[in-house]
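Protein chains in written order, with my numbering: chain V, 3 to 225; chain D, 3 to 225.
Mixed in with the good hints, there may be bad ones.
Chain copies aren't distinguished; within one or between two, either way the pair holds.
Derived EDC-like pairs: lysine to aspartate or glutamate, alpha-carbon spacing no greater than 16 angstroms straight-line [unchecked claim]:
{"hint": "1", "residue 1": "Lys-152", "residue 2": "Asp-205"}
{"hint": "2", "residue 1": "Lys-153", "residue 2": "Asp-183"}
{"hint": "3", "residue 1": "Lys-153", "residue 2": "Asp-205"}
{"hint": "4", "residue 1": "Lys-42", "residue 2": "Glu-137"}
{"hint": "5", "residue 1": "Lys-157", "residue 2": "Glu-125"}
{"hint": "6", "residue 1": "Lys-42", "residue 2": "Asp-183"}
{"hint": "7", "residue 1": "Lys-157", "residue 2": "Asp-180"}
{"hint": "8", "residue 1": "Lys-42", "residue 2": "Glu-196"}
{"hint": "9", "residue 1": "Lys-42", "residue 2": "Glu-167"}
{"hint": "10", "residue 1": "Lys-153", "residue 2": "Glu-182"}
For the record, the hints were derived by calculation from the structure and aren't laboratory data.
As a plain string of letters, each chain reads:
Protein chains: 2
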Amino acid sequence: MSAPAHSLQLSSTGRTRVRRLPERARSERDDLYAVLDAGKVCHLGVIIDGSPVVLPTGYGRRGDTLYLHGSSANRAIRAAAGQDVCVTVTLLDGLVCARSVFHHSMNYRSAVVFATARMVTDEAERLEGLHAVTEQLIPGRWAAARPPTKKELAKTSVLAVPLAEASVKVRNGPPADDEEDLGLPVWAGVVPAELTFGPPQADRLVDPAMAVPDHIRALTGPR
Amino acid sequence: MSAPAHSLQLSSTGRTRVRRLPERARSERDDLYAVLDAGKVCHLGVIIDGSPVVLPTGYGRRGDTLYLHGSSANRAIRAAAGQDVCVTVTLLDGLVCARSVFHHSMNYRSAVVFATARMVTDEAERLEGLHAVTEQLIPGRWAAARPPTKKELAKTSVLAVPLAEASVKVRNGPPADDEEDLGLPVWAGVVPAELTFGPPQADRLVDPAMAVPDHIRALTGPR
Numbered sequence: 003m004s005a006p007a008h009s010l011q012l013s014s015t016g017r018t019r020v021r022r023l024p025e026r027a028r029s030e031r032d033d034l035y036a037v038l039d040a041g042k043v044c045h046l047g048v049i050i051d052g053s054p055v056v057l058p059t060g061y062g063r064r065g066d067t068l069y070l071h072g073s074s075a076n077r078a079i080r081a082a083a084g085q086d087v088c089v090t091v092t093l094l095d096g097l098v099c100a101r102s103v104f105h106h107s108m109n110y111r112s113a114v115v116f117a118t119a120r121m122v123t124d125e126a127e128r129l130e131g132l133h134a135v136t137e138q139l140i141p142g143r144w145a146a147a148r149p150p151t152k153k154e155l156a157k158t159s160v161l162a163v164p165l166a167e168a169s170v171k172v173r174n175g176p177p178a179d180d181e182e183d184l185g186l187p188v189w190a191g192v193v194p195a196e197l198t199f200g201p202p203q204a205d206r207l208v209d210p211a212m213a214v215p216d217h218i219r220a221l222t223g224p225r
Numbered sequence: 003m004s005a006p007a008h009s010l011q012l013s014s015t016g017r018t019r020v021r022r023l024p025e026r027a028r029s030e031r032d033d034l035y036a037v038l039d040a041g042k043v044c045h046l047g048v049i050i051d052g053s054p055v056v057l058p059t060g061y062g063r064r065g066d067t068l069y070l071h072g073s074s075a076n077r078a079i080r081a082a083a084g085q086d087v088c089v090t091v092t093l094l095d096g097l098v099c100a101r102s103v104f105h106h107s108m109n110y111r112s113a114v115v116f117a118t119a120r121m122v123t124d125e126a127e128r129l130e131g132l133h134a135v136t137e138q139l140i141p142g143r144w145a146a147a148r149p150p151t152k153k154e155l156a157k158t159s160v161l162a163v164p165l166a167e168a169s170v171k172v173r174n175g176p177p178a179d180d181e182e183d184l185g186l187p188v189w190a191g192v193v194p195a196e197l198t199f200g201p202p203q204a205d206r207l208v209d210p211a212m213a214v215p216d217h218i219r220a221l222t223g224p225r
């Protein structure tokens, strides 16, 4: 039953075993960037009133900082400021069907980031953070849409999460059945999984003569 | 820029506003079940050494209990036993492209469950939990694969998370632009997103004459 993921060189099963980025080889940092850059949604973990709270939210990366944003009224974002947080990005790549129930698993890539979050107050950095979040959602979108006004910015909180401690886990490949099970008459293999985007649906007030822009068309099809 | 999701009747922005299931109408409980039953991966939040840790893992539901499992050596599963946890399931349904940067958002469904987790020790319930996890991953799979041995069961921890407190959030529909932006020459709309499964890839040791079973074929295509 799904042992923990097979560990590649970056693997870590808990905070005690995470590695600090400055000590990492460039290739390992690139693996972390690759997972973070491929996602759309992260899960922010923060402690509120002594209990863990895990909420999904958009994010973006700029260098060695993740930016998250939310309404100024967003309780989790506000609670995270100055506190230890955990930000996790998970990409499901496949369902791993073994001959035994025990060896069923998933192929996936995940990045788990531990940091003290910082509420961004500098206006230039706040804009950079929002730019990163928007571009992560839809690359090329920032330049195409109306920029935020001061009033809109005042309603938005931007949280910075430094990529100081992180671990990356990857499981890929076929099932890892026990040798004595290989002859069982049970189909085994992998069912690939991915997040896909369908044909863009224009808002009803969009002029039907307006072409779907390239940065929207680029999303369609498998990622 | 993605205000928080538009709230349907179940919405809750934080633990203070979650509702207790016994007080809910049946339709609300069904909404919770629908989100949980549609996912493959949950994010488990637990406090370890005073800091939040968020890890992706498989899960399954049986009635009003979520079951999670992991290796007996899994630190997060062990740390969760008897402790407050948060289990979140998020389904991304679309990218919402507004005319203004500010109103960009995502369509999604999410369920956030707060509970005190319980390590399952009863052998019959442990098997039920593993059955639920396996069937969530691939419906119909449990009966097709070799059942777990006592030795394998001894290596597996099963965690029960009661659906006592939970909130469901759903955002769907078109962008919610400000009226004064509707005339801007900016394409706006929704790009639908979904997790899709590709053609099954048989393990190299599977007899080429063996047909792909129906429960595997049923996964292929959009969910």
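Hint check results:
1. Lys-152 <-> Asp-205: neither (26 angstroms within a copy, 57 angstroms between copies)
2. Lys-153 <-> Asp-183: between (64 angstroms within a copy, 15 angstroms between copies)
3. Lys-153 <-> Asp-205: neither (25 angstroms within a copy, 57 angstroms between copies)
4. Lys-42 <-> Glu-137: within (10 angstroms within a copy, 27 angstroms between copies)
5. Lys-157 <-> Glu-125: within (13 angstroms within a copy, 52 angstroms between copies)
6. Lys-42 <-> Asp-183: Result: close neither inside a copy nor across copies, 38 angstroms intra and 26 angstroms inter.
7. Lys-157 <-> Asp-180: between (56 angstroms within a copy, 15 angstroms between copies)
8. Lys-42 <-> Glu-196: both (12 angstroms within a copy, 12 angstroms between copies)
9. Lys-42 <-> Glu-167: For Lys-42 and Glu-167, neither the intra-copy (21 angstroms) nor the inter-copy (27 angstroms) Cα distance is at most 16 angstroms.
10. Lys-153 <-> Glu-182: between (66 angstroms within a copy, 15 angstroms between copies)
Consistency with the previously given hints fails for numbers 1, 3, 6, 9, ordered from lowest to highest.
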